[in-house]
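From first to last, the protein sequence lines are chains X and A.
Start counting the first sequence at 1; every next residue gets the next number (the numbering used here).
Start counting the second sequence at 1; every next residue gets the next number (the numbering used here).
Treat the hints with care, since some could be wrong.
[To be verified] Straight-line alpha carbon distances no greater than 27 Å define the calculated BS3-like cross-link-like pairs of lysine-lysine that follow:
#  : chain 1 : residue 1 : chain 2 : residue 2
1  : A       : K69       : A       : K126
2  : X       : K299      : A       : K73
3  : X       : K201      : A       : K125
4  : A       : K73       : X       : K92
5  : X       : K201      : A       : K131
6  : X       : K29       : X       : K138
7  : X       : K114      : X       : K138
8  : X       : K284      : X       : K92
9  : X       : K138      : X       : K7
10 : A       : K125      : A       : K69
11 : A       : K131      : A       : K69
12 : X       : K92       : X       : K114
13 : X       : K201      : A       : K37
14 : X       : K284      : X       : K138
15 : A       : K37       : A       : K69
[Stated by the list, open to error] Reference excerpt, derived from the structure (chain A facing chain X, CB under 7 Å, subset only):
#  : residue
16 : A18
17 : L29
18 : I36
19 : P39
20 : R81
21 : Y92
22 : G94
23 : L127
24 : N128
25 : P129
26 : A130
27 : S132
Worth flagging that the hints you see were computed from the coordinates, not collected in a lab.
The model shown is predicted, which means the values in this text are computed figures rather than measured ones.
Think of the CB as a built atom: it goes at the ideal place given N, C-alpha and C, for glycine as much as any other residue.
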Amino acid sequence: MTELEQKIRAEAARLLSEGLVDVVMAFRKEDAPLRPQPAFFTCVEDLENLIYNGLCANNLANYLTRYPDETRIGMLVRGCENRSVNALVVEKQHSRQNLYLIGVPCTGIIDWRKVVALTGEDILGYEETDSSLHVRTKRQSYQLPRRELLHASCQRCVHPNPLSADIVLGEALPEGDPALIRERVEAFEALTRAERTAYFKQEAERCIRCYACREACPMCYCEECFVDHNSPRWTESGTTPAGTHAWHIIRAFHQTGRCTSCGACERACPMDIQMTYLTDKLGKDMWDSYQFAAGMDAKSQPPFASFTLDDRKHFQAGGMHS
Amino acid sequence: MDNRPKIAFFQCQWCLYAPEDQEWVDKRLPENIHLIKVPCTGRIDPLFVLNAVQGGADGVVISGCLPEKCHFKEGNLAARRQLDAFSSFLDYIGYDEARVRFIWLDLQDRGRIQRELTEFESLLKKLNPAKSLATRVPETEGGAND
């Protein structure tokens, strides 16, 4: 058990035993060492299963909307989760006073697919330090560099530190470079129109419409998704090109000004489809047009909810297209 | 008609064109322009625009009221932010932004809608048909096919 895990357990135990929260959301050990799962602790005894390492891949803010507003939730938050929580609080999905955020500065989430590609699947043990991973299989042990095996969105992470946690465990980390996301979007914009369409189609058309991206996304909490509505049907629901294109375009667009670039959608995708190049583009547009970044505080309304008459500076009155 | 660009034309019903303009829109619109009347531009979900694009529209026109003249006070303000962002998002994946045109009309803009549509059509002729995202099978009664 690492020192950080100890601190998280101690804090979670304090919250539960003092009755400050009804449930603590964190991660629990699983038989498959590379796949810790989200866990919901309601009594102190269960906390011995609590685990925290770079393989905790889910965005826990996803589960916030599944509790009624009056439930007092203690939850483990990393940088992106904290921003997702902020965005959800802005959208009135939970009262901030009923949340207790245990912040952990995040060194990035390991992409278990990258690990398995190097070691094979029969993994027996896993440990990590700040710079390396130790993976033990039946045949041999591996020492792997941490930085290279991070999930792509974590390599581009800008805010690894929780922004509004009630308590922060561990040392604050240096901020990431915002240029990384921007450059990737700009590189895509610089491609020709035909190349962009070809790339989009190649990604979107692999989609099997399992909606794992939606289920993993903290901001996708609609009771009925537009693709599930069937009378009238707004869009094709099969794996036809029209259906998969529409799903990827509209799913991304519904995240405009709300996505915190946590990459949970890509981590959840069984087909390894790239999606953050779409949502990051929208994030960049929102920043360029409205100087808005999602989840930076728990007050600012996202651009699509805060339109004003002053928008004239974006749209020439009586003019054509701005 | 087949070689003329296909245009999906979303019109806010409160734009209150001059009577002769509105009559032209309602009754004498050329066949290549498909009119969709909406109660406010705020009703236009980006999905409607996408459906037009996937259904083979070479261009999309959205005509609404001036910012401060919205019948519902601010429906058009919401629409502008969303639809503007959506058209540049479509551009990002390859559907030319120039194919989505906004026309914010004032009461006095007599005869303007015809001019704009004619001008837009000649622009679309230069751009050639938009095929890249036109993936939908032809519509049957009752909405999208599955």
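A quick look at each hint next to the structure:
1. For the given pair, K69 (chain A) sits about 34 Å from K126 (chain A) by alpha-carbon distance, which is inconsistent with the 27 Å threshold.
2. In summary, the hint linking K299 (chain X) to K73 (chain A) is supported, as the alpha carbons are separated by about 24 Å, within the 27 Å threshold.
3. Restraint check for K201 (chain X) and K125 (chain A): the C-alpha separation of about 25 Å stays at or below 27 Å, so the hint holds.
4. About 24 Å separates the Cα atoms of K73 (chain A) and K92 (chain X), which keeps this hinted pair within 27 Å; it holds.
5. Taken as a hint, the K201 (chain X) and K131 (chain A) pair is honoured in the structure, with Cα atoms around 13 Å apart against an allowance of 27 Å.
6. Note on K29 (chain X) and K138 (chain X): the hinted pairing holds, with a Cα-Cα distance of about 20 Å set against a maximum of 27 Å.
7. Of the supplied pair hints, the one linking K114 (chain X) and K138 (chain X) holds, its CA atoms being roughly 18 Å apart against a limit of 27 Å.
8. Proximity of K284 (chain X) to K92 (chain X) is assessed by CA-CA distance (about 24 Å); at most 27 Å being required, the pair is judged to hold.
9. A distance of roughly 32 Å separates the Cα atoms of K138 (chain X) and K7 (chain X); the hinted pair therefore is violated under the 27 Å criterion.
10. For the hint linking K125 (chain A) to K69 (chain A), the alpha-carbon distance of about 33 Å lies beyond 27 Å, and the restraint is violated.
11. The suggested pairing of K131 (chain A) with K69 (chain A) is violated, with an alpha-carbon distance near 36 Å, which exceeds 27 Å.
12. Note on K92 (chain X) and K114 (chain X): the hinted pairing is violated, with a Cα-Cα distance of about 37 Å set against a maximum of 27 Å.
13. For the hint linking K201 (chain X) to K37 (chain A), the alpha-carbon distance of about 31 Å lies beyond 27 Å, and the restraint is violated.
14. Note on K284 (chain X) and K138 (chain X): the hinted pairing is violated, with a Cα-Cα distance of about 46 Å set against a maximum of 27 Å.
15. Among the hinted pairs, K37 (chain A) with K69 (chain A) is consistent with the structure: their alpha-carbon atoms are about 18 Å apart, no more than 27 Å.
16. Interface hint status for A18 (chain A): violated, as the beta-carbon distance to the closest one in chain X is roughly 16 Å, over 7 Å.
17. A hinted interface residue such as L29 (chain A) counts as satisfied when its beta carbon comes closer than 7 Å to some beta carbon of chain X; here the least separation is about 20 Å, so the hint is violated.
18. Taking 7 Å as the C-beta cut-off, the interface hint given for I36 (chain A) is violated, the closest approach to chain X being about 14 Å.
19. For the restraint placing P39 (chain A) at the interface with chain X, the shortest Cβ-Cβ distance is roughly 17 Å, beyond the 7 Å limit, so the hint is violated.
20. Hint status for R81 (chain A) relative to chain X: holds, with the closest Cβ pair at about 5 Å, below 7 Å.
21. For Y92 (chain A), the suggested interface contact is upheld, since its CB lies about 5 Å from the closest CB of chain X, less than 7 Å.
22. Against a cut-off of 7 Å between C-beta atoms, the interface hint on G94 (chain A) holds, since the closest Cβ of chain X lies about 3 Å away.
23. For the restraint placing L127 (chain A) at the interface with chain X, the shortest Cβ-Cβ distance is roughly 11 Å, beyond the 7 Å limit, so the hint is violated.
24. Given the 7 Å rule on beta carbons, the hint for N128 (chain A) is violated: about 12 Å separates it from the nearest Cβ of chain X.
25. Restraint check, P129 (chain A) versus chain X: the minimum CB separation of about 14 Å is more than 7 Å; hint violated.
26. At its closest, the beta carbon of A130 (chain A) sits 11 Å from a beta carbon of chain X; the interface hint therefore is violated under the 7 Å criterion.
27. Checking S132 (chain A) against chain X by beta carbon gives a least distance of about 4 Å; that is within 7 Å, so the hint holds.
Checked against the numbered hints listed earlier, the structure breaks hints 1, 9, 10, 11, 12, 13, 14, 16, 17, 18, 19, 23, 24, 25, 26; every other hint is satisfied.
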